[in-house]
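Given the sequences, and given the hints that come with them, work out the whole structure.
Just so you know, the protein sequences line up as chains A and B, in that order.
Using this note's numbering, you'd call the opening residue of the first sequence number 43 and step up by one each time.
Using this note's numbering, you'd call the opening residue of the second sequence number 3 and step up by one each time.
Bear in mind the hints are in silico, worked out from the structure with no lab data behind them.
Each residue gets a CB set at the ideal place from its N, CA and C atoms; glycine is no exception.
Check the hints yourself; a few may be wrong.
What the hints assert, rightly or not - Derived Cβ-Cβ restraints for the label pairs, each shown as a range:
no. : chain 1 : residue 1 : chain 2 : residue 2 : range
1   : A       : Glu-614   : B       : Pro-114   : 31 to 39 Å
2   : B       : Gln-40    : A       : Leu-458   : 45 to 53 Å
3   : A       : Thr-70    : B       : Thr-94    : 36 to 44 Å
4   : B       : Phe-46    : A       : Glu-607   : 30 to 38 Å
5   : B       : Phe-46    : A       : Asp-97    : 16 to 24 Å
6   : B       : Gln-40    : A       : Arg-393   : 25 to 33 Å
7   : B       : Val-69    : A       : Arg-62    : 51 to 59 Å
8   : B       : Ser-75    : A       : Ala-128   : 57 to 65 Å
9   : A       : Thr-538   : B       : Phe-46    : 27 to 35 Å
Stated by the list, open to error - Lysine-lysine pairs mimicking DSS-like chemistry, simulated, CA-CA at most 27 Å apart:
no. : chain 1 : residue 1 : chain 2 : residue 2
10  : B       : Lys-76    : B       : Lys-128
11  : B       : Lys-24    : A       : Lys-490
12  : B       : Lys-107   : A       : Lys-490
13  : B       : Lys-128   : B       : Lys-107
14  : A       : Lys-396   : B       : Lys-24
15  : A       : Lys-92    : B       : Lys-24
16  : B       : Lys-107   : B       : Lys-122
17  : B       : Lys-26    : A       : Lys-79
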Amino acid sequence: MEKQEIPYHEVVQRERFDTRVIDYGELTRSPEAAYSKFRITPMDAYRLLKPYFNDRIGDQLRAVLPLALYLALFQMIILRQHVMDAGVITAGLMAVIIGLMLFMEGLRLGLMPFGETIGNKLPQKSTLPVVLGIAFILGIGVTFAEPAIGALKEAGSNVIPEDAPYLYAMLNFYAERLVLVVGIGVGLAALLGTLRFLYNWSLKPMIFATVLPVLALTVYVALDPQLSPVIGLAWDSGAVTTGPVTVPLVLALGIGIASAAGSGNQSLSGFGIVTLASLFPIMAVLLLGLYVQSAMTVPEILAQAKSIHAADPTWYQVTPMAEIIGGLRAIVPLILFLGLVLVFLLREKMRDSKVVMLGLGFAIVGMIVFNLGLTYGLAKLGGQAGSMIPAAFIQMDGVDESPFYWFSLGIAITLLFAFLLGFGATVAEPALNALGMTVETLTNGAFKKKTLMTAVAVGVGIGIATGVAKIIFDWSLAWLLIPTYLFALVLTLLSTEEYVNVAWDSAGVTTGPVTVPLVLAMGLGLGLAVGAIEGFGILAMASIGPIISVQLTGLAIRLRLYWQERRRLKEEAALDPTYQKGSVNA
Amino acid sequence: MSAQKEMTILTGVSLITCMVQKGKGEAVVAAARSAGAQGASIHFGRGAGVRERLGLLSITVEAEKEVIQIMVSKQQEEEVFAEMFEAGQLDTPGMGIMFVTPLEKAAAYIPPHVLERIEKDRVARKTNRQEIL
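Structure representation (structure tokens):
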């Protein structure tokens, strides 16, 4: 008897799918069909857009939501205060999420192709000085386009001119020039970083040659009590510049140049630019401070500050026009510059120009929406939390039952809050995840991704806690920065090249477009509430934290490997009776 | 000791190749393994042509792809294929494509105890059939 077997899976599949079989030839009959546009029904468009949209918005939600919730919950549960203007802040946070989503997508579609094409083609068609000049100008351009830079300008209105005249002058009268000098710093970093790509320079001497003068200048500025509040701004601006625009664009250019020149250790040379880009602006801002000091006297600044307060803001200085103009001014010059280089120097045409145009549109709209969200969401929320924090440990006007806790307990709670804020924000940063993966491959798995992320997060957490303590107790930032940076330099001497690269870069990589405005606003609010002269410095401390923690971890790993090796050798010697001291050489 | 090396030839093998957008391969591999696939190789690649024909909507589709290749036995083929199709959401536009190719033969290291077991099973089945006849 013939037995007929029907495989079970066939039955299951009949149940699951409405299967249909067609011949592939029917689908591809005419040769022209391969170039015709698809006819897309609205349903198709929806099904294409839905997963795309979900992925992008999910990324930004994960970056913004936990931080915002943490701040709001802390304020409600620990400080027992309602979040004021909750509706406005929520709308602002939504704007941040949508704005960042559009901006990042615009960066990917519109700006990155420019950067890559220029990086690949420019070295073939131009001489080295031209290439370096373009790297320099690009560095300035990306600084203006960096979303978090708006937060620095935002901070200007909170400074009291009588307490810190030069800081006030720099943030208000010199705001544009401030961003420009920061940009020049980034431009120089891009230039030097490109040279480093080409000639494989070691990062260590460059760090020493940069950090030591910066520290010396800091000491000089710190000696002048009128000028010293500038230090916080200077060191914070270093952390602000290395954001989602600068890092990928400058890296794309540098890597393109290195690969076109056929040199450069690809895996390692990607590092270093970020470090330099966060150190040079410090120097630049300090120098600008000295310039302002020589250009304006204190009474002049105070007089001018009064006249500004008297005048009504003109139409382009009020929201939302201010944000729209700010967004346009941030992106359009960069695009124009990249476009001019492409057309006149390279005589290249962009592929998919429609998609690139769409991307540029996304970038501009995203920047504007993000700027709006920055004003109404992040800055407001951070500022509010910062100004409420002191209620935990001192008597505050307008806050019933304050202080809520004994002084020391309140301080401890505040510092713990600051640590967790830094730790959490860092762990959630997608750029750190990418860095962790690179590092794990670079060190052949000795430095695990999780180890790096924890080390960086602990470093940032301790840094932010120290920065908050600095504002509360009104410590001098210079005396916090100088010993820590000197310690970091000693560690740099002891560490190997890879760990130095990773450690110095991790600081810049981790301060993203959400963390920076939040922390800046929180610091300024806190500074205002406790009556400190200025609320800068938290980001500066958050930058040095991971430099130290990562290098210490790196040293610990090397030490452990060394001891393991020693123990293994000893055990071998014990097992092998013929083994004698010195016989290895024989 | 003889220097003769052993080679075990596998027959009845199918290769399932599935191309999805970068970052979406993990779910497909997990589904295939849950349906009985032993393992997978994943390579990265770029798609060209079809995506551009979408016009501006092409931004919704990542040009970078993951190419997942999985060898399965003929018996598992349909089941694994269906599971991968579902996990990769290949019934959605732009998600990717997959296909099966029959393989003539394959070879790899097979642990001796597995070979022994197969040999035993074979003998058992033979005697079983003889008994029925």
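> Which numbered conditions among the earlier hints are violated in the structure presented, ordered from lowest to highest?
Replying inline: Hint check: 3, 6, 7 and 12 fail, others pass.
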